[in-house]
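J.: I would like the entire structure built from these sequences, with the hints used as guidance.
Number of protein chains: 2
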Amino acid sequence: MAQLTEIDYLIAPDPDRAGLTRAVTGVDHDGQITETAVVEERPLTIFLNRREIVTAMTIGDYPDLLALGFLRNQGMLQDDEQVTGVDFDEELETVVVRTATETDYEDKLNRKTRTSGCAVGTVFGDMMEGLAGLTLPELQVRTSDLYALSAKINRTPSLYLQAGAIHGTVLCQGDHPLVYMEDVGRHNAVDKVAGWMFKTGTSGADKVLYTTGRLTSEMVIKCALMGIPALVSRSGFTAWGVEIAQQVGLTLVGRMKGRRFVCLAGAERLIRDANPAQVADEPAKSARKGARG
Amino acid sequence: MAQLTEIDYLIAPDPDRAGLTRAVTGVDHDGQITETAVVEERPLTIFLNRREIVTAMTIGDYPDLLALGFLRNQGMLQDDEQVTGVDFDEELETVVVRTATETDYEDKLNRKTRTSGCAVGTVFGDMMEGLAGLTLPELQVRTSDLYALSAKINRTPSLYLQAGAIHGTVLCQGDHPLVYMEDVGRHNAVDKVAGWMFKTGTSGADKVLYTTGRLTSEMVIKCALMGIPALVSRSGFTAWGVEIAQQVGLTLVGRMKGRRFVCLAGAERLIRDANPAQVADEPAKSARKGARG
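Line by line, the protein sequences give chains A and B. Residue numbering for the first sequence is 247 to 539, as defined by my numbering. Residue numbering for the second sequence is 247 to 539, as defined by my numbering.
It is possible that some hints are incorrect.
Note that the list lumps identical chains together, so a pair holds whenever it fits in one copy or between two copies.
Once the Cα atoms are required to be at most 20 Å apart in a straight line, the calculated EDC-like pairs of lysine to aspartate or glutamate come out as [to be verified]:
no.: 1; residue 1: LYS503; residue 2: ASP274
no.: 2; residue 1: LYS503; residue 2: ASP421
no.: 3; residue 1: LYS503; residue 2: GLU281
Note that these hints are calculated values from the structure, not bench results.
T.: Encoded structure:
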């Protein structure tokens, strides 16, 4: 991690980037004309070679990473897959991922699962199969790192702080947030992180994934399939998400706000090197919502 | 509405109902063993006649209403459709909706859209087509009713207040919350309301829909397709959601918390009969999160 000591984000949110938000004129509770910044939401149709796979609603940044990550997390792209090109057409709102060899996704498309987490087209059966025999590397997680990450991420200028109504997912190492993705769908944010890991060949073994979303079965499964042994959220849990985390040896920390958190899986891998009493509460202004995910 | 003056909920959350939450033992920030109530999340596979349509992740209450509402909101069930049976099998985790005549959903299944709102299998194209030429009835909305609804709904015992990590949608009339559905996926909650409306033949024309989720394009489209002319949320907006609301004449109120709200569509239909200065702030305890939807 030496090369990281001076680095924080490799990719951080760019809330001022043109095209991600729009100012809409409205009327507030006092009847006053008001301008509200709202996030954009546009369709992006993902193709794998000649086949249309899905249309995602996204804020539109990193279409290439979203496509790669979505296909990777759906099991339509294997890690050893040779990607020969990723072509984004802004006008057509399409992104085409080209591989050296055709993949076997057709039959997968016949099984669809609607999860609790914005995952149209998720092939849940395959995702579960992908977990068979999977055990995540034993990563010790310092609570001091979790507190540091939480504080850094919540104070990072973001679309959320500027416009709200958006989810964030952050790939972290130690106390360093590395890649912070946001999107209207929290699974888009996770998939963009997965796309970055796939594109850069980055291992999840020594990483922690932070999400603003809830710790549902699908979020836990995606984290496990990305090879990341620890998942942290300010939001709550579902029972199945907890069960799966316990099965695959994933450390699951939720409801993390200020000094408080609850660990419902892998608590034995936590290194409690921080004194919660010395952790500041979140300043109201930067305090996030999102317990609903 | 005479018959409603004495009624509040026709269907209210039942947070103590067995099987909706589970107590999970974990460890908190102080290293103390703690019991956390988490919501259940179980698969429900929806069939239309002999065809498997989708598997939803749901808390598992009202499988019949979820199935009817999902199919209705996907345009796979028309209002005049004759439903001959809805059979739920708890062991197989399936629900079969039977109609007198076969429907033309097959081709629809070939077009899939991944929205920002948990809508696997959503046929976005069709939903948009469904909006063509649609204009919602002009409903005047009293701000006094909105404040009253907000206060009632936030104080109603719910799975959210008990376990968090869940979304709520409430069908309202005047200042009466009528049907309050919760689910791990906010679109399940909306679909269960749609299923109730379909089953009871209830019109949306004089109703207001309250959701804890964000006002995304899909949420606005579903509300419009349900014939409900006003949509209210504590959460934020997306730009496309606002555009669609303006096109179909839907009154769109967001970021409603305590005395504050923003109206980004149909503000001319608001009757400002309440003095915001006299509206109490939300008590911290019952204050909901969820600006991320």
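J.: Evaluate LYS503 and ASP274 at a C-alpha cut-off of 20 Å and name the case that applies: within, between, both or neither.
T.: Between copies, since 12 Å is at most 20 Å while 30 Å is not.
J.: Measure nothing new, just compare the shortest in-copy and cross-copy C-alpha distances for LYS503 and GLU281 to 20 Å and report within, between, both or neither.
T.: Between. Shortest inter-copy distance 18 Å satisfies the 20 Å Cα cut-off; intra-copy 30 Å does not.
J.: With identical chains, the pair LYS503 and ASP421 could be close in the same copy or across copies; at 20 Å between alpha carbons, which is it: within, between, both, or neither?
T.: For LYS503 and ASP421, only the intra-copy Cα distance (16 Å) is at most 20 Å; the inter-copy one is 34 Å.
Every hint, counting from the list given before, is met by this structure.
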